[in-house]
Amino acid sequence: MIKFPVPLVGFAAYSGTGKTTLLRKIIPLLVKKGIRVGMVKHTHHNIDVDHPGKDSYELRKSGTAQIVLASPKRTTLIVEHAEREDSELHLALDLLQTDSLDLVLVEGFKHEDIPKIELHRKEMERPFIYPKDPNIIAIVVNEDCKLNYAEHLTRLNFDQPETVADFIETKILKKT
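Numbering-wise (the working numbering), the sequence shown opens with residue 1061 and increments by one.
The set of hints was computed from the structure by calculation and includes no laboratory data.
Here are the in silico distance ranges between beta carbons for each label pair:
#1 1094 with 1157: 11 to 21 Å
#2 1160 with 1129: 10 to 20 Å
#3 1118 with 1143: 18 to 28 Å
#4 1182 with 1114: 37 to 47 Å
#5 1211 with 1182: 12 to 22 Å
#6 1129 with 1191: 39 to 49 Å
#7 1187 with 1080: 20 to 30 Å
#8 1119 with 1191: 42 to 52 Å
#9 1214 with 1187: 11 to 21 Å
#10 1211 with 1161: 27 to 37 Å
#11 1159 with 1129: 18 to 28 Å
Don't be surprised by glycine CBs; every beta carbon is placed ideally from N, CA and C.
Could you put the whole structure together from the sequences, leaning on the hints where they help?
Below, the structure is given as structure tokens:
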């Protein structure tokens, strides 16, 4: 299990299952409870937050390994790294300022060794992740589907994001 100073919980599912949609519903619920939430999202796409013609873009393209863009409203760090097979969760986690967080949600990175909530939609006709991943602690489904050998998993519903937020608060943050 990955060691990290702030509780982590991942959301694991196949593409198109609704990870981001569900997260967009539960994050405001967690924030309303006073929980300071950080987020790491996996993507297979190239990321470019600055654009040609902007000073930051030109400075980055000139060869900087890292550049921080700071404004009164937000700060962003861009780190250039050599081409590799896939992104690594521990490198992304290292960038977070944990002293201002209570919880980190991780979208994707389904093969990482962290506690995870699986999202499953029967109509997608994809296999469950939980039988092969002992880190799955709950499963979010959109209808009554059979979970073979999954008595240990808490079953949650896509249509009840407040129960997902409550599960995270009680099971991950250990709040009552």
